[in-house]
Amino acid sequence: MNVLANWWDLRSLANPVNGLLGWLRDKGWDEIAYIVSGSIGAAAIGLFLGVAMLALIWVERRVIARIQIRRGPNRVGPQGLLQPVADAIKLMQKESLTPRLGDKWVFWLAPLLLFIPTVLTLGVVPFGDGMTVADLNVGVLFIIAVGSVMPLVVFMAGWSSNNKYSLLGAMRTIAMVLSYELPAVISLLSVVVLTGSMQLGEIINFQKDHNTWNVFLLPLPFAIYLIASLAEIGRSPYDIAEAESEIVAGYHTEYSGMKFGLFYAVELANALIIGGLFAVFFFGGWWTYYLDVIIPSWVLFFVKMLLGYWLFVWARGTVPRLRIDQSLKFSWQFLVPMGLLNVVLVAFEVALWYQLDAPGIILAPFAVINWLLTAGLIVGYVRLLKLEHTQTPRRLTLTEDVGIVTHVPAPSAAGYSAAGGSPA
Amino acid sequence: MQIHSTEQVVFYLLAVVAVAAALGVVFAQDIIHSALFLVVTLILTAGVYVLLSAEFLSLVQVLVYGGGVSILVMFAVMITRVRDARGPLDGAQKPIAIVAGLAIVTVLVLMISRTEWQQAIPAVNRPDESPVRVQRVITQTDKGQLMSDTDAIGHDLFTTFAVPFEVASLVLLVALVGAIYLARGEEDEVT
Amino acid sequence: MLGQWGHMGFLVVVGLSLPAVALVISFLLGLVKIRPKDPNAIKQDTYECGIEAEGSAWVQFHSGYYVFALLFVVFDIETVFLYPWAVALRQEKLFAFVDALLFIAILGVGYVYAWRKRAFEWR
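Residue numbers (the numbering used here), protein chains in the order written: chain Y, 4 to 427; chain G, 103 to 293; chain B, 1446 to 1568.
Keep in mind the hints are simulated off the structure, nothing from the lab. Keep in mind it's a predicted model, so treat the numbers as computed, not measured. We treat Cβ as the ideally placed atom computed from N, Cα and C, and that holds for glycine. Hints are not guaranteed to be accurate.
Said to hold, decoys possible - Computed cross-link-like contacts, EDC-like style, restricted to lysine to aspartate or glutamate with a CA-CA straight-line distance of at most 20 Å: (1) B/Lys1538 <-> G/Glu218; (2) B/Lys1538 <-> G/Asp258; (3) B/Lys1538 <-> Y/Asp360; (4) Y/Lys97 <-> B/Asp1483; (5) Y/Lys332 <-> Y/Asp242.
What the hints assert, rightly or not - So the derived label-pair ranges between C-beta atoms look like this: (6) Y/Arg386 <-> G/Ala202: 47 to 55 Å; (7) G/Thr217 <-> Y/Ile35: 37 to 45 Å; (8) Y/Leu375 <-> B/Arg1563: 27 to 35 Å; (9) B/Pro1481 <-> G/Leu115: 36 to 44 Å; (10) Y/Trp374 <-> B/Lys1482: 54 to 62 Å; (11) B/Lys1482 <-> G/Leu115: 33 to 41 Å; (12) B/Leu1461 <-> Y/Leu314: 28 to 36 Å; (13) B/Trp1560 <-> G/Leu212: 44 to 52 Å; (14) B/Leu1461 <-> Y/Ile70: 32 to 40 Å; (15) B/Ala1486 <-> Y/Thr321: 41 to 49 Å; (16) B/Pro1481 <-> G/Tyr114: 42 to 50 Å; (17) B/Trp1560 <-> G/Gln195: 31 to 39 Å; (18) Y/Leu375 <-> G/Ala122: 25 to 33 Å; (19) Y/Ile372 <-> B/Gly1553: 18 to 26 Å.
In isolation and in its complexed conformation, chain Y is listed as follows:
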């Protein structure tokens, strides 16, 4: 953070805030300055979440509609921009039912606690140069720890509903979230090994100092984190919680009205935050190769955040859902060992780098080596496991085109009686 920046320099919104705080401290009101800074940060994040969730509903519905060759909501307001507001009003008008046999206290508590992990995660995210509510020096671990409490809320929601779908959905969701949390933790470990700090500000500074984005050096952790975070926030292709065809709406089957709306909103917010974390860990955060001198750093960060979110919407629109046994096996037998191997590789490189006291340019050959090894590792591992690769047809093939599917006669009643009459 540039302390000498003028308060009107809006390339970082931290400047006007620091101006105000500096003025308060000059007056000797340290306590007031502290409370004001905390309140500004909290209010900013609250406002950001509120606006973001309304905006994201629109983005999500329009993009999904595009992918599915529909128009999507376009009647309420220009281009359907007011549709999220209409949705919110609709949800608020709906009757809110509480299942009679459920546990009323826990049932109400779950949606109330739902937002705490989300909001706390935002607390360590640098939205721009110096725009962090609290840049903890254990930031990465903080994100992981806070996120790991999410399954508890899911369990509370599922159990208190006293509904078979809810409970089954909650158990499945938790089993999957746990299994995918591990690859996420391991891939972030690679980032920490490389940057040597758990502070999100320092992670960005590392990328800035070495003129690189982490994704160039850590392609494999990026891929693992992408997959794992998709699963962790329960979005398709990992949305078994909401596998409508199997277990209705999963752990929030019994929630209606505004409480359902909260579950819906937090999913969107989480997706956006993961987009932001992508930007911080792998794409330099607000730092973008000198672009941040001209364009405000927070604008750059929001753009990257939205691009990450858009990736999730894209995945939701195009990738089919995985079965739970497939997704669990994939995590444990593929992502975890790959992630650990990558940690060892990166650690070796960093240890070598510091042992030799080499200049920072050594990162360039490391990047090339890492990309090659990643490709080799994936191919080799797939060979080792003898995974089958099935070619999906490029275009829809009708059975007539295939020409080999012959007509299979339906078993006639006579056939059955014949089979029944003469047991083989």
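Got chain Y sorted already, so can you dock chains G and B onto it with the hints?
Frame of chain Y, contents of chains G and B only:
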């Protein structure tokens, strides 16, 4: 009781709620409610660690107990048939449980009374004199900043505690093998 | 440093108040009769595709869930151990690397055991 600082207010708030939740664990009728109260206690303990400037430890507490062990407890309850049993489950183990409980209380009381507590209560206001021991091992990084407990733990892991670090790995291995053996038994293996 | 954690306290308040505000608005709409509140036995019944719910929701779950939670806890602790190592790697260099390699290798044995025992498969 003298109030020295905001930290103290926060501490008493955390402590009171944590103890109340701990009582909730014992007195709740529903076993899931007990488990949820337990989680509250564990997470608030993490808050106390933060007040002691042990950030890393507090986050590990949340991660391992709040996110891992609590779910383990929930799942353990879900796969058993506790719900069919109405009323207390202690049965014949009651006297043993009482003895075990009293033994733990004795050990804890002895430990608390024999510890030489530092008199510097508002240690939080002077972070360089934090009561956490590891922080005093090295307090400066090469950048001249105050060293966090994470750095201190990391440093200690490779100097003083290099062997215990490997032993921890062995303990985890034993836990893993034991858990799988209990859950899976002598079932079929991949060949 | 504690000041930063104090700011996290502010955020907990935000996290609680966001859903609370939404629920309070919803409740107030109920008071002015915009939101209907007309519960009856059928509406409040447990949803089960329209048929009457049979028995408790607490059906017998199979032990696979427990095994996965256990595996998660063990490997999670392992990874958490490696975080301070990752931060200290730059001071201790190759010695730290070898030390951690041993640590990971020992757990690798457990990983292979789990694999051979088919603990990673959902059955």
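Now for the hints, and whether the structure bears them out:
1. B/Lys1538 <-> G/Glu218: 38 Å, violated
2. B/Lys1538 <-> G/Asp258: Status holds; Cα separation ~14 Å.
3. B/Lys1538 <-> Y/Asp360: 10 Å, holds
4. Y/Lys97 <-> B/Asp1483: Measuring from Cα to Cα gives roughly 11 Å; hence the hint holds.
5. Y/Lys332 <-> Y/Asp242: 16 Å, holds
6. Y/Arg386 <-> G/Ala202: 47 to 55 Å: 54 Å, holds
7. G/Thr217 <-> Y/Ile35: 37 to 45 Å: 38 Å, holds
8. Y/Leu375 <-> B/Arg1563: 27 to 35 Å: Given about 33 Å between the Cβ atoms, the range holds.
9. B/Pro1481 <-> G/Leu115: 36 to 44 Å: 40 Å, holds
10. Y/Trp374 <-> B/Lys1482: 54 to 62 Å: With a Cβ separation near 60 Å, Y/Trp374 and B/Lys1482 satisfy 54 to 62 Å, so the hint holds.
11. B/Lys1482 <-> G/Leu115: 33 to 41 Å: For B/Lys1482 and G/Leu115 the Cβ distance comes to about 36 Å; the hint holds.
12. B/Leu1461 <-> Y/Leu314: 28 to 36 Å: 30 Å, holds
13. B/Trp1560 <-> G/Leu212: 44 to 52 Å: 45 Å, holds
14. B/Leu1461 <-> Y/Ile70: 32 to 40 Å: Holds, since B/Leu1461 and Y/Ile70 (Cβ atoms, about 36 Å apart) stay within the stated range.
15. B/Ala1486 <-> Y/Thr321: 41 to 49 Å: 44 Å, holds
16. B/Pro1481 <-> G/Tyr114: 42 to 50 Å: 45 Å, holds
17. B/Trp1560 <-> G/Gln195: 31 to 39 Å: Between B/Trp1560 and G/Gln195, where Cβ atoms are some 37 Å apart, the hint holds.
18. Y/Leu375 <-> G/Ala122: 25 to 33 Å: For Y/Leu375 and G/Ala122 the Cβ distance comes to about 58 Å; the hint is violated.
19. Y/Ile372 <-> B/Gly1553: 18 to 26 Å: 23 Å, holds
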